[in-house]
Amino acid sequence: MGVSAAWTDDSHRIFQFVFEHPWTWEEYYALLEWALPEIKAAGHPVATILEVSKMRSFPPGNVVTHLTGIGRRMPSNIFTSVIVSPPQIATLFMDILTKINPDFERFNHFDRSLEGAHRYISEQYQIQFQNGSDQSSV
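If you use our numbering, the sequence shown corresponds to residues 124 to 261, in order.
Everything labelled a hint here was simulated from the structure, so no lab data went into it.
Nothing false has been slipped in among the hints.
The list that follows gives simulated cross-link-like pairs (lysine-lysine, DSSO-like), each with its CA atoms no further than 30 Å apart: (1) Lys222 to Lys177; (2) Lys222 to Lys163; (3) Lys177 to Lys163.
Each pair of labels, with its calculated beta carbon distance range: (4) Arg242 to Glu143: 22 to 30 Å; (5) Gly184 to Gln251: 29 to 37 Å; (6) Trp157 to Asp132: 12 to 20 Å; (7) Ser127 to Gln253: 27 to 35 Å; (8) Gly166 to His144: 29 to 37 Å; (9) Ser245 to Asn185: 29 to 37 Å; (10) Ile212 to Met124: 12 to 20 Å; (11) Gln249 to Thr188: 30 to 38 Å.
Even for Gly, the Cβ is constructed at its ideal location relative to N, Cα and C.
Generate coordinates for the entire structure from the input sequences, incorporating the hints supplied.
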């Protein structure tokens, strides 16, 4: 239970967060203190997956304020993020955040499965970096 995170592969292309009920904002912030520098230090484009199928709901607190602050802290090398199996309330808040700040669009893709998330990330990597110098596969 709680929040955990890890690289999904040895190439450090995909970083996955897993949320399980119950969890707290404090727990998530503590994890981000390690995770965000880890992602930034990769030195190449990274995608994130937020697996929230067991999240149920958000913890107490102002969700928009928390998510806005977290979104602003995301390293610039995160090229996309996929939220897997979100509860309806999560999609609602992400839609609101995207309307408030269009930069959140890169964090606002939803999928029903981890396989679908990986497929989407691979497609986005090819679209965004096919002509760049970083040609290794995701």
